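Asker: Sequence:
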Amino acid sequence: MQAMKGETVQVIVFRLGEERYGVDISQVREIIRPTQITRIPNAPDFVEGVINLRGQITTIVNLRKRFGMPPTQIDNDTRIIVVEYNNAVIGMMVDTVNEVKYLSQKDIEPLPSIITSREEAKFLKGVGKLPDGLLILIDLNKVLNEGEVERLR
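When we follow my numbering, the leftmost residue of the sequence shown carries the number 1, and every step to the right adds one.
Just so you know, the hints here were simulated from the structure itself, not pulled from any lab data. Honestly, I wouldn't trust all of these hints.
[What the hints assert, rightly or not] With a cut-off of at most 35 Å between alpha-carbon atoms, the simulated DSBU-like pairs for lysine-lysine come out as follows: (1) LYS65 / LYS125; (2) LYS101 / LYS125; (3) LYS101 / LYS142; (4) LYS122 / LYS101; (5) LYS125 / LYS106; (6) LYS142 / LYS65; (7) LYS101 / LYS129; (8) LYS65 / LYS101; (9) LYS65 / LYS129; (10) LYS129 / LYS142; (11) LYS106 / LYS122; (12) LYS65 / LYS106; (13) LYS106 / LYS142; (14) LYS125 / LYS142; (15) LYS65 / LYS122; (16) LYS129 / LYS106; (17) LYS122 / LYS142.
This one's a predicted model, so the numbers in the text were calculated from it and none came from an experiment.
All chains, please: the whole structure from these sequences, using the hints.
Answerer: Here is the structure:
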């Protein structure tokens, strides 16, 4: 969230289970519905497979599995958030995309220390305070490390 004090950031709000997450809209290329996903042998368990996105082979990562949550069935609410990372186009599968919200810098808090000690905390940027509750802010560029992106490319 590269906003200066007093600035606002636009975040796309999505759900994984009961939790609400937010990602800076500047990291997102597009949001699509899941299409035919082709499985890849020997891929990490959090990789669902690949899709053909307008002629470009795009790897699909299941964020539920990546965050250590149990997988669920793909349904009408499931969405893929498409991001570009290190010249690779990657889709992040989420349960549902809800809305776009504006957060001011004063409404973004650092992660509590009990959370920063956990493995999945490396994906997280902070906690956003909204009138209707909290939002866990993630950095999609940190969901995969350089080596994983290279293998997926």
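Asker: Determine for every hint whether it applies to the structure shown.
Answerer: Structure-based check of all given hints:
For the proposed pair LYS65 and LYS125, the alpha carbon gap of about 19 Å is at most 35 Å, so the pair holds. A C-alpha spacing of about 16 Å is found between LYS101 and LYS125, which places the hinted pair at or below 35 Å, so the restraint holds. With a CA separation close to 22 Å, the supplied pair LYS101 and LYS142 stays within the 35 Å bound. In summary, the hint linking LYS122 to LYS101 is supported, as the alpha carbons are separated by about 23 Å, within the 35 Å threshold.
The straight-line distance between the Cα atoms of LYS125 and LYS106 is roughly 14 Å, inside the 35 Å bound, and the hint therefore holds. For the proposed pair LYS142 and LYS65, the alpha carbon gap of about 15 Å is at most 35 Å, so the pair holds. The suggested pairing of LYS101 with LYS129 holds, with an alpha-carbon distance near 11 Å, which does not exceed 35 Å. A hinted pair counts as satisfied when its Cα atoms are at most 35 Å apart, and LYS65 with LYS101 qualifies at roughly 25 Å.
This hinted pair checks out: LYS65 and LYS129 have alpha carbons roughly 26 Å apart, not beyond 35 Å. As the CA atoms of LYS129 and LYS142 are separated by approximately 22 Å, the hinted pair is consistent with the 35 Å bound. For the given pair, LYS106 sits about 22 Å from LYS122 by alpha-carbon distance, which is consistent with the 35 Å threshold. For the suggested pair LYS65 and LYS106, the alpha carbons sit about 32 Å apart, so the restraint of at most 35 Å is met.
Distance check on the hinted pair: LYS106 and LYS142 sit about 23 Å apart at the alpha-carbon level, within 35 Å; holds. With a C-alpha separation of about 10 Å, the suggested pair LYS125 and LYS142 falls inside the 35 Å cut-off, and the hint holds. This hinted pair checks out: LYS65 and LYS122 have alpha carbons roughly 15 Å apart, not beyond 35 Å. Note on LYS129 and LYS106: the hinted pairing holds, with a Cα-Cα distance of about 9 Å set against a maximum of 35 Å.
A distance of roughly 7 Å separates the Cα atoms of LYS122 and LYS142; the hinted pair therefore holds under the 35 Å criterion.
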